[in-house]
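Colleague: Below, each chain spelled out in residue letters.
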Amino acid sequence: AQKVTQAQTEISVVEKEDVTLDCVYETRDTTYYLFWYKQPPSGELVFLIRRNSFDEQNEISGRYSWNFQKSTSSFNFTITASQVVDSAVYFCALSPGSNYQLIWGAGTKLIIKP
Amino acid sequence: ETGVTQSPTHLIKTRGQQVTLRCSSQSGHNTVSWYQQALGQGPQFIFQYYREEENGRGNFPPRFSGLQFPNYSSELNVNALELDDSALYLCASSLERARSYNEQFFGPGTRLTVL
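Order-wise, the sequence lines are chains E and R. Heads up: the first sequence begins at 3 in my numbering, then just goes up one per residue. Heads up: the second sequence begins at 96 in my numbering, then just goes up one per residue.
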């Protein structure tokens, strides 16, 4: 089965706190891609990162970082020193190498309070 | 701004009616995918078009159909609307027939309400 699980439905933190969004995936494909997208209240999905299954290096982009661990089938996303503008719904998605679909998690609503 | 536009922004229809949603892709993007996003859920893949032909389909019935035109615009048509069709419909364009590893650029979506 191909599946993405984001167990955290909603997270609320105070500005400047660090926050980690969890993503666990299932696939039988050896080649696959993982994504994170941000969906602000306007509705438009914004691409954040793509990672292929052969590249387990962690990545940092400014305040954002991603931890990919194949051993636990996880691709977690951390925001350091969160800001109110980070408030949005964040989706993790899986693209199995065997087809063209993006399989999405249910999303985590992140609320950053001032 | 992703350069992908959708129209209309909002739409209200009644059960049994037909609806056409429109998408204008980024210039040069020959692949468009459509997704249905119910409230509080992640998007669900409907289908993908590549060079004006359907290139893959998710678990949606045939009353969901599409068209892609040479000018990078596309349509999603839904016949015999049901209440459960109420959702945000998103289109995403990408370069090349994607096995989804190419970045997809999403439009702002059309919010469809079926009464």
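Where hints are given, some of them may not hold.
As the list claims (entries may be wrong) - Not close to chain E: a few residues of chain R, all C-beta gaps over 12 Å, as computed:
no.	residue
1	T97
2	I107
3	T109
4	S119
5	Q132
6	E147
7	R152
8	N166
9	N174
10	L176
11	S181
12	A187
13	Q199
14	R206
15	V209
Unchecked claim - What follows is a list of derived Cβ distance ranges for each label pair:
no.	chain 1	residue 1	chain 2	residue 2	range
16	R	T100	E	R30	31 to 39 Å
17	R	T104	E	T22	32 to 40 Å
18	E	A83	R	N154	35 to 43 Å
19	E	F49	R	Q113	44 to 52 Å
To be verified - Here's a subset of chain E near chain R, in silico, CB distances under 8 Å, partners left out:
no.	residue
20	K18
21	E46
22	L47
23	G107
Think of the hints as simulated: they come from the structure by calculation, not from any bench. Yeah, the Cβ is synthetic: ideal placement off N, Cα and C, and Gly gets one too.
Colleague: Taking the hints in turn, state whether each one holds.
Modeller: Against the structure, the hints come out as follows:
For T97 (chain R), the non-interface assignment is contradicted: its Cβ lies about 7 Å from the closest Cβ of chain E, within the 12 Å cut-off. The non-interface label for I107 (chain R) is consistent with chain E: the shortest C-beta to C-beta separation is roughly 17 Å, beyond 12 Å. Distance check for T109 (chain R) against chain E: the nearest CB is about 23 Å away, which clears 12 Å, and the non-interface claim stands. Once the 12 Å rule is applied to beta carbons, S119 (chain R) is consistent with being away from chain E; the minimum gap is 14 Å.
Distance check for Q132 (chain R) against chain E: the nearest CB is about 9 Å away, which does not clear 12 Å, and the non-interface claim fails. Separation of E147 (chain R) from chain E is adequate, the least Cβ-Cβ distance of about 16 Å exceeding the 12 Å criterion. Not every CB of chain E is more than 12 Å from the CB of R152 (chain R) (nearest about 9 Å), against its label as outside the interface. Residue placement check: N166 (chain R) keeps its beta carbon more than 12 Å from all beta carbons of chain E (closest about 22 Å).
The Cβ of N174 (chain R) sits about 23 Å from the closest Cβ of chain E, beyond the 12 Å cut-off, so the non-interface label holds. For L176 (chain R), the condition that its CB be more than 12 Å from all CB atoms of chain E holds, with the nearest at approximately 21 Å. Chain E leaves S181 (chain R) outside its interface by the beta-carbon criterion, the shortest separation being 15 Å against a cut-off of 12 Å. Taking the minimum C-beta to C-beta distance to chain E, about 8 Å, the non-interface status of A187 (chain R) is violated against the 12 Å cut.
A beta-carbon of chain E comes within 12 Å of the beta-carbon of Q199 (chain R); the shortest separation is about 7 Å. At roughly 8 Å, the least C-beta separation between R206 (chain R) and chain E is not larger than 12 Å, which violates its mark as non-interface. Taking the minimum C-beta to C-beta distance to chain E, about 18 Å, the non-interface status of V209 (chain R) holds against the 12 Å cut. For T100 (chain R) and R30 (chain E), the Cβ-Cβ distance of about 37 Å falls inside the hinted range of 31 to 39 Å, so the restraint holds.
Taking 32 to 40 Å as the suggested C-beta distance range, the pair T104 (chain R) and T22 (chain E) conforms, at roughly 34 Å. With their beta carbons about 41 Å apart, A83 (chain E) and N154 (chain R) fall inside the hinted range of 35 to 43 Å. The hinted range of 44 to 52 Å is not satisfied by F49 (chain E) and Q113 (chain R), whose Cβ atoms lie roughly 32 Å apart. For K18 (chain E), the suggested interface contact is broken, since its CB lies about 28 Å from the closest CB of chain R, more than 8 Å.
The criterion of a C-beta within 8 Å of any C-beta in chain R is met by E46 (chain E), whose closest approach is roughly 5 Å, and the hint holds. For the restraint placing L47 (chain E) at the interface with chain R, the shortest Cβ-Cβ distance is roughly 4 Å, inside the 8 Å limit, so the hint holds. Interface hint status for G107 (chain E): upheld, as the beta-carbon distance to the closest one in chain R is roughly 5 Å, under 8 Å.
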